[in-house]
Amino acid sequence: MAIQPGQHAPDFCLHGSDGKQHRLADYAGNKLIIYFYPKDNTPGCTKESCAFAEMHGQLVQMKVRLLGVSKDSLASHDKFISQFHLPFVLLSDPETIMMQEYQAWGEKKMYGKTSIGCIRSTVLIDEQGIVVKHWPRITKAAEHPQQVLDFLTNS
Numbered sequence: 011m012a013i014q015p016g017q018h019a020p021d022f023c024l025h026g027s028d029g030k031q032h033r034l035a036d037y038a039g040n041k042l043i044i045y046f047y048p049k050d051n052t053p054g055c056t057k058e059s060c061a062f063a064e065m066h067g068q069l070v071q072m073k074v075r076l077l078g079v080s081k082d083s084l085a086s087h088d089k090f091i092s093q094f095h096l097p098f099v100l101l102s103d104p105e106t107i108m109m110q111e112y113q114a115w116g117e118k119k120m121y122g123k124t125s126i127g128c129i130r131s132t133v134l135i136d137e138q139g140i141v142v143k144h145w146p147r148i149t150k151a152a153e154h155p156q157q158v159l160d161f162l163t164n165s
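If you use my numbering, the sequence shown corresponds to residues 11 to 165, in order.
It is possible that part of the hints are untrue.
[Unchecked claim] Subject to a maximum C-alpha distance of 20 Å in a straight line, what follows is the list of computed EDC-like cross-link-like pairs (lysine to aspartate or glutamate):
| hint | residue 1 | residue 2 |
| --- | --- | --- |
| 1 | 41 | 160 |
| 2 | 49 | 105 |
| 3 | 143 | 21 |
| 4 | 73 | 137 |
| 5 | 73 | 136 |
| 6 | 150 | 64 |
Bear in mind the hints are in silico, worked out from the structure with no lab data behind them.
With the hints as extra help, turn the sequences into a complete structure.
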């Protein structure tokens with residue numbers, strides 16, 4: 011199923027860096043940004059995550075929750091959070107189940123080579139669990155969080 015605005019977001023159940031299980035229903039009543047990224051502690055993913063961290067206070071004021079998702083282990087997430095002082099939960103999706111449901115896992119090209127892996131993308135979900143916006147195949151990781159904030163501010 012394609013991730014389309016106006017449709018219900020797929021449910022998920024993954025362990026988070028806070029030691030809890032997280033489901034879509036846990037965020038009912040709040041807007042939710044879910045950003046999918048390939049790997050902790052890599053240049054693009056670090057820039058993207060740190061940019062989201064810098065705007066986290068604004069997101070909280072707007073009653074928007076934020077989750078990052080990658081295939082990395084919770085131990086890897088803990089190190090990433092600690093090193094870069096990320097103020098939000100990262101979910102571990104080692105089996106890529108959520109990433110597949112959200113069209114964030116599949117064929118991609120990097121440096122001219124085709125591979126299968128995490129496709130950097132973001133989904134904005136409203137208070138009722140409906141997809142508001144899907145940003146597929148993000149190419150400018152460092153700039154993308156500002157695009158998300160601009161969308162939230164102008165919508």
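Comparing the hints with the structure gives:
Taking the CA atoms of residue 41 and residue 160, the gap is near 15 Å; set against the 20 Å cutoff, the hint holds. As the CA atoms of residue 49 and residue 105 are separated by approximately 14 Å, the hinted pair is consistent with the 20 Å bound. With a C-alpha separation of about 16 Å, the suggested pairing of residue 143 with residue 21 holds against the 20 Å cut-off. About 10 Å separates the Cα atoms of residue 73 and residue 137, which keeps this hinted pair within 20 Å; it holds.
Straight-line distance between C-alpha atoms of residue 73 and residue 136 comes to about 11 Å, which keeps the hinted pair within the 20 Å bound. For the hint linking residue 150 to residue 64, the alpha-carbon distance of about 17 Å falls within 20 Å, and the restraint holds.
Of the numbered hints listed earlier, not one is contradicted by the structure.
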